[in-house]
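Colleague: Residue numbers (this note's numbering), protein chains in the order written: chain E, 1098 to 1561; chain W, 1098 to 1561; chain C, 1098 to 1561; chain D, 1098 to 1561.
Everything labelled a hint here was simulated from the structure, so no lab data went into it. Just so it is clear, the structure is predicted and the values come from calculations on it, not from any experiment. Hints may contain errors.
Identical copies look the same in the list; a pair holds intra-copy or inter-copy alike.
[To be verified] Taking lysine-lysine pairs in the DSSO-like style, the calculated list, with each CA pair at most 30 Å apart, reads: (1) Lys1500 x Lys1446; (2) Lys1515 x Lys1437; (3) Lys1289 x Lys1437; (4) Lys1338 x Lys1437; (5) Lys1515 x Lys1289; (6) Lys1465 x Lys1289; (7) Lys1500 x Lys1465; (8) Lys1289 x Lys1500; (9) Lys1144 x Lys1437; (10) Lys1437 x Lys1476; (11) Lys1289 x Lys1446; (12) Lys1289 x Lys1549; (13) Lys1144 x Lys1446; (14) Lys1448 x Lys1402; (15) Lys1289 x Lys1448; (16) Lys1338 x Lys1515; (17) Lys1338 x Lys1144; (18) Lys1476 x Lys1338; (19) Lys1402 x Lys1437; (20) Lys1289 x Lys1476; (21) Lys1549 x Lys1500; (22) Lys1559 x Lys1144; (23) Lys1448 x Lys1500; (24) Lys1549 x Lys1402; (25) Lys1476 x Lys1500; (26) Lys1437 x Lys1559.
Number of protein chains: 4
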Amino acid sequence: MRAWHDKCAVFGIWNDPEASRMAYLGLYAQQHRGQESAGIVSLNQGKQIAHKGMGLVGDVFPAESLDRLEGTAAIGHTRYSTTGASSQLNIQPLTADLFSGPVAVAHNGNLVNAHEIRQKLQEQGAIFHATNDTECLLHLLARNPSRDIIRCLQEASQEIVGAYSFAILTHDRLVGVRDPLGFRPLVLGRRKLENGGTSFVLASETCAFDLIGAQYIREIEPGEIWWVDENGEHSARIALKSDRLAKCVFEQVYFARPDSKVFSLSVYESRKKMGEILSQESGIDADMVIPVPDSGVPASIGYAKQSGIPFELGIIRNHYIGRTFIQPSQSIRSFGVKIKLNPQSEILKGKRVIVIDDSLVRGTTSQKIIRLIRQAGAKEVHFRIASPPTTGPCFYGVDTPAKSQLIAAHQSVDEIRKFIEADSLAYLSIEGMMRAVSGTSSEFCAACFDGKYPTPLFGLEKEL
Amino acid sequence: MRAWHDKCAVFGIWNDPEASRMAYLGLYAQQHRGQESAGIVSLNQGKQIAHKGMGLVGDVFPAESLDRLEGTAAIGHTRYSTTGASSQLNIQPLTADLFSGPVAVAHNGNLVNAHEIRQKLQEQGAIFHATNDTECLLHLLARNPSRDIIRCLQEASQEIVGAYSFAILTHDRLVGVRDPLGFRPLVLGRRKLENGGTSFVLASETCAFDLIGAQYIREIEPGEIWWVDENGEHSARIALKSDRLAKCVFEQVYFARPDSKVFSLSVYESRKKMGEILSQESGIDADMVIPVPDSGVPASIGYAKQSGIPFELGIIRNHYIGRTFIQPSQSIRSFGVKIKLNPQSEILKGKRVIVIDDSLVRGTTSQKIIRLIRQAGAKEVHFRIASPPTTGPCFYGVDTPAKSQLIAAHQSVDEIRKFIEADSLAYLSIEGMMRAVSGTSSEFCAACFDGKYPTPLFGLEKEL
Amino acid sequence: MRAWHDKCAVFGIWNDPEASRMAYLGLYAQQHRGQESAGIVSLNQGKQIAHKGMGLVGDVFPAESLDRLEGTAAIGHTRYSTTGASSQLNIQPLTADLFSGPVAVAHNGNLVNAHEIRQKLQEQGAIFHATNDTECLLHLLARNPSRDIIRCLQEASQEIVGAYSFAILTHDRLVGVRDPLGFRPLVLGRRKLENGGTSFVLASETCAFDLIGAQYIREIEPGEIWWVDENGEHSARIALKSDRLAKCVFEQVYFARPDSKVFSLSVYESRKKMGEILSQESGIDADMVIPVPDSGVPASIGYAKQSGIPFELGIIRNHYIGRTFIQPSQSIRSFGVKIKLNPQSEILKGKRVIVIDDSLVRGTTSQKIIRLIRQAGAKEVHFRIASPPTTGPCFYGVDTPAKSQLIAAHQSVDEIRKFIEADSLAYLSIEGMMRAVSGTSSEFCAACFDGKYPTPLFGLEKEL
Amino acid sequence: MRAWHDKCAVFGIWNDPEASRMAYLGLYAQQHRGQESAGIVSLNQGKQIAHKGMGLVGDVFPAESLDRLEGTAAIGHTRYSTTGASSQLNIQPLTADLFSGPVAVAHNGNLVNAHEIRQKLQEQGAIFHATNDTECLLHLLARNPSRDIIRCLQEASQEIVGAYSFAILTHDRLVGVRDPLGFRPLVLGRRKLENGGTSFVLASETCAFDLIGAQYIREIEPGEIWWVDENGEHSARIALKSDRLAKCVFEQVYFARPDSKVFSLSVYESRKKMGEILSQESGIDADMVIPVPDSGVPASIGYAKQSGIPFELGIIRNHYIGRTFIQPSQSIRSFGVKIKLNPQSEILKGKRVIVIDDSLVRGTTSQKIIRLIRQAGAKEVHFRIASPPTTGPCFYGVDTPAKSQLIAAHQSVDEIRKFIEADSLAYLSIEGMMRAVSGTSSEFCAACFDGKYPTPLFGLEKEL
């Protein structure tokens, strides 16, 4: 069950006769990373055209809007707000008319020193319109007397701290930038055109490439600045390569689509392995393994395979969830969960079931699910979480609840088990998780699980 | 993959302080049976209030509309058109102001002699507004000089032929009627109220009961007319009980939600059994069993269990499908299928895969899916259909393509295999399907598979 | 100030390559007769196409809707409800699929025995959908075994009593019918086409002809049934010619647009004469004559001319009135009137003013206007009404308040003067009004002024 | 007939419990000054809340929006674009989050050196979002290190040249500023509150005061900066008082509502005098004087009074003009004008008519009107314009056509007469116009008539 929200997805394309349509599809494929707003900026003969709106990609862009977004290059963005209120002005890509020409920026991540930068710039007379951190970058670019955007970005990267994967469009190039620690993914691909040419594509996840028929080339590397212009591809660095990286392990645990390759790993395979290792670490005898759909499915398949206990779709998910849903005023037990999830009593009656979920945040939803499973007649309910206990908030672009709301920050596993009313409860260990992603703690950021934040926090830790 | 559309779902509720909100939820849970339009008619102190519109339940009913639908009884309907153009006037429940008072009718099914009845009534001066078959019933009721609605319905049932499960609301009662052959499901439940009272509920599928916290009592029987009024429950018959029934087997194969009980059978279990028997009938060696999501999942689980071949989610379904989707003008291979389904090359590369789908209609979608699976690197693709070859259209409320478009009506299994480009293809046998639903050909209608239509067709067979 | 609402306008056109666009314009020009809803039905090769909606003509018909309304004949209707609630189902033209083919009816007027007819038809099994009187005509036509629509209309006219000007479209002709007493106007015109042909046009008012460049031919006569088909024009009667007519004098007083010719009279000239005669009957010395805009303007010009007292636009009307207008919660004196009307203190300060309005219904608006004029500094306010005291409701298609709300039904002229706080008040006499329209009480219906209703009322008089 | 568009109206209110509702009404009353967009910014406990949108005031502000605009102070703006494309970003009031707090600016007028200022600021790293001149002021304020907004405004006024009446809201005050030459009006009023207090009000025209029940105090003087804060009213100057003023005479001729007092003059009286003087200057014998409604009405009344020739409403204006109007594809003569204006043949037939319009720009509309009048049967048509020939564009906030489109810039009066097909044509003289407004050329800007632009134009004169 979804309880986390990633900040966004970015997309960029260069030299494509249907640039804005491809951007539309690329955002569409990455809709799971942000449903609050969407925007595309296209580049047509040196001029930029923007269309942005609140809502899902399919609603924000009627056909006329894509016709209007003429040109052969474009960037796009879908967003679920972390910093910045939910308003029109915050919809990305942000654009500005600099002295060197128009620039548009799409940002996945979060700058931890945005507040400091903003205050300094405002004192110098800069006018801020949006309330998000990305606007800081625009002002840093605008104030740089150099007209070389690559140099401006390199200099700006000396000032900003935090997580950022940028797709940037100027009047003459498409740029991709990834922060030195590599928090958020950013992948590069190419698309063969009918006319024999090739277009370059940037995206947060490879599933965007699959939809538009593009081929995956490689990741933009941590600390790399990549761009393409009429002379072809270029690459430089904004920082020296470092051994310490901070790839977000939660992309593997929950955020990314299972059919994406993120940090060069199949997300589906990572999750299956998390289920397998979870079974090894905390196996228990039962009649069936059932996922909390859809996010718990891959780990359940892994768990079932490893344990030999049959996999069953014991809970059916209703995908016809409309935009607004009207609650009955009279109480129906566990109603909020029931709208989406319906445990099957025909399957569960009298059975001992292992329920697999990807993560556990507040515990309230898990409690409701377990109650519904028991109402459906299950004899025993064993809850297994395919990630470690979540003990801290994220400051790098994930919309997590405050620490006070994270049940594992304050309660022991057995206390949580009692709260959610499970017969048993077990989490995947941090080591198990790292094993599943074939990684180490010096490559991945697992701060939400282990509290080791890989950057200074500039006082943000006090806010939550 | 969805290729069939059922005509609709009905819902009815009596003696509930939140009647229209429950109807809303009951339709919401049955949204899969019809996404074209939705409507609710409530009964407040002898007067009926209606709200209807084109679109999904969540969009048709803003909160104000439910506030306006006052009263303690209601019926509702969601619809996917079979007969009748897509227009406002065809949205059900249909209502009329009869001499005996207001009446509202929600209909799941299709009357095969509607054209004959309509012509006769028009000659007599009846004015038809909608273009659907259900309006015939209203005119038959209106023209009956009796003011006893039960008697009127019994007499009308002598004239109408075909499939019908009706939920009917008058000024003083809620009525449920099911045709003598029992084509379409109709179930009865009850809901305990906070005030200690009980409300009665009618629905097409039991999943509607689960959402509103109602308990399943029983099916309305074929040929039964059931009603509830201020004196309680009543039951009578519109026809003698017969041995020959015609329960739609396709409800089990595809239409109904897997978490519903239909014709007293768990749909999920029926489908798992179809997969198991399919494996027994047409097993083949392979590296994995993958479903065409979501409809192929239960049969795949059954097939995998029976065969011992691992189940994998080799194709990921994107559920963020907006209402309108803009196509790129440039061709992207198999684009239409790709929007929803993305085969995972990391999983499929070099593998021999068995792909399970619930049914196969035209073959064009299956061809695209198989091509995508091969592009993802699969070595062998064995297609298995968890139902028999579809050889004929349905005249009883299922929106099937014309016979000319049903590939199995014209081609052999091997010809179809070649067309869809599979390495092997096998269907479930009719006997296997009947075994899976523990039934016989004299209980179920399987006309779309075996051509044995259980009623006269009044010339309809020439139309398609 | 508008306080009365006419029921509607009708329009019809035959043999025009842009029939639905002309209908659109014809309704647009007659928008003042009904702003609640609008509809057009076109005829294309024997089939009818309808588009209807709530709201103003310009909003109900987007360009696509007119493209869809193909064909060379059309009828249209704008409506301000008298009988029948404000609902979708009541939007005219009403349509039905009769045994003889499709028929569409647009009606201006009101049938006083609709309730009796309806009850009789319902007893015979007719299903009524709308709540308006016009649906009775449809059922009478449907039940007539004759397939000759002219004969059906002649026979139906024997049953219906009241005010009716119909524009009717069948599969092969356009028909205009006016009731024997001729309550409501209905005019016939012709339009020269670019291709040399001629189209025939029906409308409630001649202003519709002006906009589409059509020429006025004549009125459809009281009791006449006129039609045009592929063989040309035809005329017959539904009733013998009678000396007693009942042309609605209020069309001249208020309803019709001043630039229309109604009952062969220029409305502007009639109103100017009303002002002249009012000045003769109730002249008083003053500094200026000012109209309540816009409806009082022609009478004011007449009054000023006759009296020699200067005409001034002492009150300015704001025409930017949006659809919804939000009231301040704090009280602003006479706010409701002020939104539309602003008296000019620069003009009125210290002056004795004669204020002319077309009619006076409840008196509350007049009171507010007079207060505003005094606040603006006027020394004396003499109110003059260019019609007689309104003492009774209308049952023939005008949406009047109940008798209890008509101030002149219960109070003397001097009591009214005190209530509206005028220094003097005078009405035009009934004789003066008849003189202004060059008519007599046996030609015009002036029931709202003199209580002489020209038909039986079938109990309606008790309702109001 | 409207052919000119003023740039906008401003409104401001301080210390009113219903500040945003009053702003809504104040904009509503000034809707004639700009129909493209509208916006309100309210001040609630030091924080600003904004709501803006494209369209009419009544549509931009649903009731919820006004509920959201909490606080006791507000400014508002309606706009018809002069500089700046029609886009969301250009909707005023413009807002910014300065270091000293939030500021919102509503601007009526046009800065003639905006392009120069913008270029200089962009070179310094300022980011511009809107394309209008008003954003320059925001940047000038933001870059001023002083936190005293009054001082910042005084310093900014040294840099900006052109026409400006500003209503400005900060976190602690409401400010009104009028440029030293006083091009555009800005008036100050007060409103007595139910609680005994007083609110201060700023508006472009006094008609806004009338609607909300406020009293006119005085004009903000040319070169004055007025503000109100918790300590009460204050006034200072941005420039020394000068003898040369440049009040826009076109406000009197056409822009302002006739019921407004502008530059201390009744607009209605000014226009009547223009008509009187026009009659003295260019009288001719005729049967009637008719206005082109509505803008020509006051001058016609003056002309008729002076000449003794009867005033008639010979052309009726249809006020039901929807937002979008669909044209017939077939040609109807003079269709575009006919939609709004319908000459009455009953009045005009065989008559010699004097037609009065407020101004004449391209001549094409006048030609159509005259043709319609002749079609209606007039024997002679004498056209009289109640202002001088328009020979040049405006650079101070009026949306005029380019000089090439101003017929009087290129043709003699007699050539124009021939073009518009009038029997005679005469304009008011510049001296006559000045006499009507009791002014001189050193007080008023009449550049559009006499070519004497009262400021440098910074190259703008080349653009048009």
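Colleague: Against each hint, give a clear statement of whether it holds in the structure.
Modeller: Each hint tested on the structure:
In the homo-oligomer, the alpha carbons of Lys1500 and Lys1446 never lie at most 30 Å apart, since the shortest distance is 37 Å inside one protomer and 42 Å across protomers. Proximity of Lys1515 to Lys1437 under the C-alpha cut-off of 30 Å is restricted to the intra-copy arrangement: shortest distance 24 Å within a copy versus 40 Å between copies. Taking CA atoms no more than 30 Å apart as the test, Lys1289 paired with Lys1437 passes between copies only; the shortest distance there is 22 Å, against 40 Å inside one copy. Taking CA atoms no more than 30 Å apart as the test, Lys1338 paired with Lys1437 passes in neither setting, with 45 Å inside one copy and 39 Å between copies.
For the homomeric pair Lys1515 and Lys1289, the shortest alpha-carbon distance between copies (29 Å) is at most 30 Å, but the shortest distance inside one copy (56 Å) is not. Proximity of Lys1465 to Lys1289 under the C-alpha cut-off of 30 Å is restricted to the inter-copy arrangement: shortest distance 20 Å between copies versus 49 Å within a copy. Taking the shortest alpha-carbon separations for Lys1500 and Lys1465, only the intra-copy value of 21 Å comes in at or below 30 Å, while the best inter-copy value is 48 Å. For a Cα distance limit of 30 Å, the shortest separation of Lys1289 from Lys1500 qualifies neither inside one copy, at 47 Å, nor across copies, at 40 Å.
Proximity of Lys1144 to Lys1437 under the C-alpha cut-off of 30 Å is found in neither arrangement, the shortest distances being 45 Å within a copy and 34 Å between copies. Only within a single protomer do Lys1437 and Lys1476 lie at most 30 Å apart by alpha-carbon distance; the minimum there is 23 Å, versus 37 Å between protomers. For the identical chains of this complex, Lys1289 and Lys1446 are inter-copy neighbours only, at 22 Å across copies versus 54 Å inside a copy, given an alpha-carbon limit of 30 Å. In the homo-oligomer, the alpha carbons of Lys1289 and Lys1549 never lie at most 30 Å apart, since the shortest distance is 43 Å inside one protomer and 51 Å across protomers.
Taking CA atoms no more than 30 Å apart as the test, Lys1144 paired with Lys1446 passes in neither setting, with 64 Å inside one copy and 43 Å between copies. For the identical chains of this complex, Lys1448 and Lys1402 are neighbours both inside a copy (19 Å) and across copies (18 Å), given an alpha-carbon limit of 30 Å. With identical chains, the CA atoms of Lys1289 and Lys1448 are at most 30 Å apart between copies only, with a shortest distance of 26 Å across copies and 53 Å within one. In this homomeric assembly, Lys1338 and Lys1515 never come within 30 Å of each other (Cα to Cα): the closest approach is 47 Å inside a single copy and 53 Å across copies.
In this assembly of identical chains, the alpha carbons of Lys1338 and Lys1144 never lie at most 30 Å apart, being 35 Å within a copy and 45 Å across copies at closest. In this homomeric assembly, Lys1476 and Lys1338 never come within 30 Å of each other (Cα to Cα): the closest approach is 54 Å inside a single copy and 40 Å across copies. Taking CA atoms no more than 30 Å apart as the test, Lys1402 paired with Lys1437 passes in both settings, with 27 Å inside one copy and 27 Å between copies. Taking the closest pair of Cα atoms, Lys1289 and Lys1476 come within 30 Å of each other only across two copies (24 Å); inside a single copy the shortest separation is 56 Å, beyond that limit.
In the homo-oligomer, the alpha carbons of Lys1549 and Lys1500 lie at most 30 Å apart inside one protomer (15 Å), although the nearest pairing across protomers, at 64 Å, exceeds that limit. Taking identical chains as interchangeable, the C-alpha atoms of Lys1559 and Lys1144 lie at most 30 Å apart only when they sit on different chains, with a minimum of 24 Å there against 43 Å within one chain. In this assembly of identical chains, Lys1448 and Lys1500 lie within 30 Å of each other by CA distance neither inside one copy nor across copies; the values are 36 Å within and 45 Å between. Proximity of Lys1549 and Lys1402 under a CA criterion of 30 Å is satisfied in neither setting, with 33 Å inside one chain copy and 43 Å between copies.
Neither within a single protomer nor between protomers do Lys1476 and Lys1500 lie at most 30 Å apart by alpha-carbon distance, with minima of 34 Å and 49 Å respectively. Taking the shortest Cα distances, Lys1437 and Lys1559 never come within 30 Å of each other, neither inside one copy (35 Å) nor across copies (43 Å).
Hint compliance for this structure: hints 1, 4, 8, 9, 12, 13, 16, 17, 18, 23, 24, 25 and 26 are not met, and every other hint is.
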